[in-house]
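Visitor: Letter by letter, the chains look like this.
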Amino acid sequence: MVMTTAVRDGTGTSGPPRAASPTARRRARRRTYLWSYVYLAPMMVLLLAFIVYPIIASLGYTFYRWNGIGDPSNFVGLDNFRQIVNDSIFWRSLGHTFVYAAVVVPVQLVLALALALVLNNRRLRFASFYRTLFFLPVVTSAAVIGVVIQLLVSNFGDSINSVLLDLHLIDQHIDWLGDPNFAMAIIILVGIWHTFGYNLVYFLAGLQTIPEELYEAARLDGAGRLAMFRYITVPMLRAVGVVIVVLAVIGTFQIFDLVQVLTSGGPYFSTEVVNTYIYHLAFGGSNANAVQPDIGLASAASFIYGLLLIVFSIVQVLVLRSLAKRRGTSTGRQG
Amino acid sequence: MSSSISRRSLLRGAAALAGASAVGSALSSCSSDSDNPGSKAAVTITYWDWYASQAGWVDNEIKLFQQANNGIAVKKTTQVSDKYADLVSLAYRSNNPPDILMVPKNPPLTQQVSQDWLLPVDKWATKSWQSRFPQNSFVEGVDVFDGKVYTAPFAAPAPSLQLYIHHGVFKDAGLTNPDGSVLLPKTWDDVSRAAEAITSKSGGKVSAFGFGNSTNTSLAWWLDLFVRGAGSPGGAAVGGIDGMDYRVGKWTFGTDRNYLDVINLLMEWKNKGWFYPNSMSINDEQARAFFERGRFGMTIGGVWNQPEWTKHKFTDYSLVTLPSPSGTPKALFYGPPGGKFVAVSSKSKHADEAWAWFDWLYSREAGKRWVEQGQGLSVYQENNDPKGVTFAPFAQYVALAGTAVVGPQPTIRNPELTKLELAAVKPDINDVLAGVYTGQIKDVQGALTSLTDKMNQALADAVKAVGAGASLTDFAFADWDLTKAYTTKPGA
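Chains A and B are the protein sequences, given in the same order.
Sequential numbering of the first sequence, starting at 1, is according to the working numbering.
Sequential numbering of the second sequence, starting at 1001, is according to the working numbering.
Just chain A, same shape as in the assembly (with noise of 0.2 Å):
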């Protein structure tokens, strides 16, 4: 940059190249960051429009009640929030939201990390085809997902049923989705199975990052698959995992689109989570059954939940940090 400047300035013409001023070197600088402010006000612009303004604009909502026709005229100060707190469905949608979770994040990362082994060998044939017909789930609309599983599971249900009485496996007729202690768990094994490309496709990205030489050299020493892995494959991927493991979580606490198209929270909310909650409360009910909706409570139920969701997210943070720093200890100690 400092060169240029000269030469357009017409004084570059022989020697080393003047020092640019303080002032210019200011200019120069603002020129660039001007750059990236443009780059970013694009995104900018839409995160304050769809993110920031609706957080502060339900903030305020939060103290009324309203059916969300009109303005909100109905302040009922933290009636909402009481309201909230003191609903049992609340809590139990958020301990459907958590069970969800805790079971999606772990079962997914172990078989997203082990496919993306097997799909990062040279010698695979059809790689790429494998790779695309992993990740198809992941650009399939959750709503055609969950309309597509709901008819194979109401028309289907009876043969597998069928088959399962057969091999006396049941014995009686399971309705797979219409089932409090069924439904659940088809909506946990459909959404493994609906994003768990993305983490593919991470876990693929990460591995590609690993110095071929790494593993060279371990051959060399004698090392086998299993303490490659354990000493190049996990260490080497640990940035990487650590990353991917906040996005699964996040992903996963936004679960709704699933779970509206599939049981729509219920039988008896027996698989309603905290967004479809949410949604319940925002929208009402049917045109066929008229419930009126109540957006201040749905916004008290939002605020509540990010707040949860930010200590949850603090404390995942210092924990992982925790780890990093132990690990990072007892691997001085080790060397």
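Where hints are given, some of them may not hold.
Going by beta-carbon spacing under 7 Å, a handful of chain B positions derived as facing chain A [to be verified]:
| id | residue |
| --- | --- |
| 1 | D1086 |
| 2 | L1087 |
| 3 | P1107 |
| 4 | T1110 |
| 5 | Q1111 |
| 6 | A1155 |
| 7 | P1277 |
| 8 | N1278 |
| 9 | S1281 |
| 10 | I1282 |
| 11 | S1318 |
| 12 | D1431 |
| 13 | T1438 |
| 14 | A1468 |
| 15 | T1483 |
| 16 | A1485 |
Honestly, the hints are just simulated from the structure, not real lab data.
C-beta: ideal position from N, C-alpha, C; glycine also.
Please arrange chain B on chain A, whose structure you already have, making use of the hints.
Guide: Coordinates of chain B only, in the frame set by chain A:
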């Protein structure tokens, strides 16, 4: 050990994924538009409804209307019924509502009027225009607000739910009269006996009953139909003040013994394995298809079932309504005097043309075609003659018209009640039933009592919010005879 993703393979993959997502998007679209192809009308008005199974009637009316009104085209959009109220609300928020629309069930009509969504149609709906309707069709607080007309009744009071009987299943179970006709159940015991026969004769391959409760509404239809037969006029309706027992002006789920009795009866049937096992997870449309295929012998639904079955050439069924312990129903279905169907939007730039379509839909002839096509009953009594109906199951429905009458209407007694904004109570009766049916609620009486207390408390709070002009006694009509139409007198 590593293999990188080449640009070409990435592009190939992206193309495949884009194709898949395009298919997904196509599958997930759930509203439909219909236009008049090649129409060169001077004005096109937009019209919204949620009539999916009634689309044939609407489309035919549009065709006839456009033929009769050369300069006007109607662009119909049928929205998914579950989200209709939300979509209308969003359309008004974005200042882009249709010119004319079916009145959504939410928010209450009074709020739609106070928010200036709808245009008063008095300019066209003169006294002479109103005279074509039966007496008491235009009622303050129902379709008239502050003396201005916004909508009008389209259908006559009709039994909203019926028990449908599959002839093939009944005949296979030997449930026939000496003349070979199907033995139709009238009492709760008749229904139980028929169910037992179907299950035992089919060796459990055919279920006695089935429903589709994935939207958490149709299980409550069973409670509604049976409890009315036993004499509980509120049934199991959800939303606003529906479902209240106007004899006492309260909800009585926990205090009226009939509710517990019917729920116990349903659970007894369930425990005997008489319900189609996937009933809680399939939707009403799937249940309708399974009934058609004879997977179960009885289902509860409305007259909206019939056009779909007719389209599939399935006509071998009958219907009854209000089965009761003794065979004579002690309560009926009740509707308000007046009614609502479509309204013109206050934002319409083509109000005259929208009114023309409004007027067409409310014509006697359109109502006649509505009945002839088996869609329902018309507000014009002369259209509802069962003798004029050739299709047997629909004639049965028309003949049941006497099981629905006008009931008490608190807003006529006290117009201040149009300001009532009742907070939703959750879990509602649909939720409680689902909880009991799936074994998550063990104490049924406790759940019904808790629901009743919460709903009556919500009513008390809402009445208090209206102010001194409203009282809980406004909802009680002690002189109501459940088997007769009731005329609510203003201020009485």
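Visitor: Please go over all the hints and tell whether each is borne out by the structure.
Guide: Verification of the supplied hints:
1. Below 7 Å, beta-carbon pairs count as interface contacts, and B/D1086 has one with chain A at about 5 Å; its hint therefore holds.
2. With a cut of 7 Å, the hint placing B/L1087 at the interface with chain A is violated, because the nearest CB-to-CB distance is about 10 Å.
3. For B/P1107, the suggested interface contact is upheld, since its CB lies about 5 Å from the closest CB of chain A, less than 7 Å.
4. Nearest Cβ of chain A to the Cβ of B/T1110: about 11 Å, over the 7 Å cut. The hint is violated.
5. At about 6 Å, the closest approach between the beta carbon of B/Q1111 and any beta carbon in chain A falls short of 7 Å, and the interface hint on this residue holds.
6. Hint status for B/A1155 relative to chain A: violated, with the closest Cβ pair at about 16 Å, above 7 Å.
7. A least Cβ separation of about 4 Å between B/P1277 and chain A falls short of the 7 Å threshold, and the interface hint therefore holds.
8. For the restraint placing B/N1278 at the interface with chain A, the shortest Cβ-Cβ distance is roughly 5 Å, inside the 7 Å limit, so the hint holds.
9. Interface restraint check for B/S1281: the shortest CB-CB distance to chain A comes to about 4 Å, inside 7 Å, so the restraint holds.
10. Evaluation of the B/I1282 hint against chain A yields a held restraint, the C-beta minimum of about 5 Å falling below 7 Å.
11. Against a cut-off of 7 Å between C-beta atoms, the interface hint on B/S1318 is violated, since the closest Cβ of chain A lies about 24 Å away.
12. Annotation: interface hint on B/D1431 holds; nearest CB of chain A at approximately 6 Å, less than 7 Å.
13. With a cut of 7 Å, the hint placing B/T1438 at the interface with chain A holds, because the nearest CB-to-CB distance is about 5 Å.
14. At about 18 Å, the closest approach between the beta carbon of B/A1468 and any beta carbon in chain A exceeds 7 Å, and the interface hint on this residue is violated.
15. Given hint, B/T1483 at the interface with chain A, is violated; its Cβ is 27 Å from that chain's nearest Cβ, farther than 7 Å.
16. Checking B/A1485 against chain A: minimum C-beta separation of about 24 Å lies over 7 Å; hint violated.
Hints 2, 4, 6, 11, 14, 15 and 16 from the list above are not met by this structure, while the remaining hints are.
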